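Engineer: Residue-level listing of the chains:
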Amino acid sequence: MSVTNAPRSAPARSAGRPPSFGGNVSAWSNRHRKWLFAAPAMIFVGILIVFPLVWTLYLSLTDSQGSVRAATEFIGFQNYLTVLTDTERFWPAVGRTLTFTGVALVCEVVLGMGIALLLWRPFRGEKWVRVAILLPLVATPVAVGMMWRLIFDPNIGFANQLLGMIGIPPQPWLSGQDTALGTTIFMDVWQWTPMVVLILLAGLTSLSDEPDEAARVDGANAFQRFFYITLPLMMPTVIVAILLRGIDALKTFDILYATKGKGGGSFNEVETLNVYAYGLSFDYNQYGLSSAVLILFFMIIIGSMWLLTMRKKAVSK
Amino acid sequence: MTVLTPSQTSAGKPQVLRRRRKPLGTRAYKAFRVVALIAVVLFLIAPLFWMFLASLKTNVDIYDTGKALFFTPTGENYANVLQRNNYFVFIFNSFWVAFVSTVLSIVLGVPAAYAMSRFTMHRSALVVLMARVIPGVSLLVPWYYVFSNLRMVGRFEVLILSHMFVALPLIVYIMMSYFDSLPLELEESAQVDGLTPIGAFRRITLPLSVAGIATAGILSFIFSWNNFMFALVLSGSSTKTLPVAIFDFVSYASIDWGGLMAAATVVTIPIMIIALFTQKYIVSGLTAGATKG
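Heads up: the sequence lines are chains R and S, in that order. Everything in the first sequence is counted per this note's numbering, starting at 3 for the first residue and increasing by one. Everything in the second sequence is counted per this note's numbering, starting at 33 for the first residue and increasing by one.
Calculated from the structure, these hints are not laboratory results. One or more of the hints may lead you astray.
As the list claims (entries may be wrong) - Using C-beta positions, here's what the derived DEER-type ranges look like: (1) Pro234(R) <-> Ser269(S): 38 to 46 Å; (2) Leu310(R) <-> Arg155(S): 17 to 25 Å; (3) Ile304(R) <-> Phe102(S): 47 to 55 Å; (4) Leu216(S) <-> Gly97(R): 49 to 57 Å; (5) Pro234(R) <-> Leu74(S): 46 to 54 Å.
All of these numbers come straight from a predicted model, not from anything done at the bench. For each residue, glycine too, the CB sits at the ideal point set by N, CA and C.
Go ahead and model the full structure; you've got the sequences and the hints to work with.
Structural biologist: Below, the structure is given as structure tokens:
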């Protein structure tokens with residue numbers, strides 16, 4: 003196929019090509035292939051993302067609520083004022099979002115680094131461990147949430163049976179006002195530590211042997227080699243892992259909504275910003291207010307990403 | 033021993049681990065390592081196993097803690113879920129939405145990723161990658177606004193469009209790092225031999241990128257299959273996808289645990305089977321670009 007076609011397209015590139023229509027189109031598209039290739043995706047993204055963002059910004063300045071077809075009025079920064087002075091729902095939600103993300107990230111990176119180091123050197127049965135690492139990662143988050151609901155059920159759950167075996171009294175887990183957020187963090191750690199492991203493992207495998215070897219020759223022990231050689235070399239990859247995981251952790255929704263439902267439970271125990279904004283929009287139809295929350299949420303995400311990228315640049319140097 | 037550069041371990045190519053022939057340390061460390069690895073595997077697998085076990089129990093057995101591991105398995109929960117609750121429809125819906133949104137995103141995303149990689153269009157790439165950062169809810173509100181005014185909420189087209197929002201940036205991201213790792217020389221020599229630039233892309237680059245496209249496609253399918261929030265708002269009773277169907281399972285007063293676990297298993301099994309067979313692609317896709325520094 004390609005053998006017969008290749009010579010045929012050759013004349014189109016030679017100087018004396020016939021000024022045919024097809025040749026012109028082909029020449030034009032070849033000259034403009036950069037934008038020809040990129041434009042469809044860019045336009046799609048533009049319509050589906052940039053326009054909604056601008057609309058959210060507009061909605062956040064109106065009193066839109068109730069029906070999406072209802073008339074709205076421009077009210078300036080009133081929504082932002084309401085949200086920013088709301089110490090009952092908004093600020094606790096900010097706190098929970100940051101707690102959830104922070105604690106989950108620390109656990110995932112520490113555990114992930116540990117597991118990645120365990121997997122670094124080849125061993126027998128490696129294949130099976132890798133399968134085990136992949137399964138939580140691809141499991142449907144809502145199904146995972148339901149799975150943990152059964153395991154953490156105070157009466158029939160396996161978690162309390164396990165605690166009972168070692169003599170610890172049963173815990174309320176998801177249904178406890180103080181334990182719910184911690185339990186959801188545990189679920190997040192279970193599902194996403196494997197992701198961190200995969201990223202860090204890719205980083206470890208691409209490290210060069212020499213610095214480690216030199217330190218070994220100089221008599222450094224395993225801990226010294228890790229903290230003074232491997233970890234500093236891995237810092238850029240660690241930050242990439244934090245960046246990728248952090249963005250998703252800030253936006254966690256599925257397992258929170260699947261395990262605690264509307265408003266993050268009856269005391270809003272696990273109501274993060276994403277759950278709060280979703281509830282305002284689709285459970286209470288407060289579009290104006292929720293848009294203001296979303297814009298602030300978006301700023302928090304961009305801000306933390308920017309900080310991390312700066313940090314990464316500093317480390318890479 | 034071949035020394036691999038980071039780019040060679042990126043998207044699409046099966047990851048080759050550098051095997052080091054070196055003493056693995058003391059015997060104590062070896063023992064510790066075995067124990068730790070077993071603990072890790074148990075921690076990751078046990079909950080899934082528990083879910084599967086519960087899906088084979090009657091609700092009476094689930095409430096009987098003495099029958100945690102030893103019980104008479106029943107297929108009743110699966111029969112209930114699949115027949116009474118129309119799960120075949122939901123399975124089809126999930127598959128259809130994931131499949132179409134993945135194919136369309138590949139058609140749009142692969143050429144775009146190629147252009148962005150070859151012409152280093154960093155700013156354009158940033159716009160597409162923004163989609164990975166934006167919280168989904170902030171898009172849902174305007175989409176819901178527009179589509180409910182057009183009276184289109186609940187139709188497949190809308191659902192597929194929303195899933196493409198997740199799939200397209202993912203595909204662009206993975207394919208960009210894949211094209212970055214493909215040598216330019218191949219295309220250049222093809223052009224010297226008389227192919228137009230687009231011809232070189234079609235006949236040389238694309239066939240070489242099958243592995244990368246497979247990586248991106250598999251991941252995009254999985255993400256779409258697992259997606260919950262968009263379908264929760266934008267799907268109707270006839271277009272409901274599996275995650276929403278599972279969520280609806282618990283809106284009743286008392287939970288039918290056996291049925292719920294059967295439903296949860298039905299959603300996760302297909303995706304896990306795909307993952308088992310395409311393990312290497314998934315790993316390379318998830319870690320694409322992570323080690324570029």
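Engineer: May I ask which of the numbered hints given earlier this structure violates, with the numbers listed in increasing order?
Structural biologist: The structure breaks hints 1 and 5; every other hint is satisfied.
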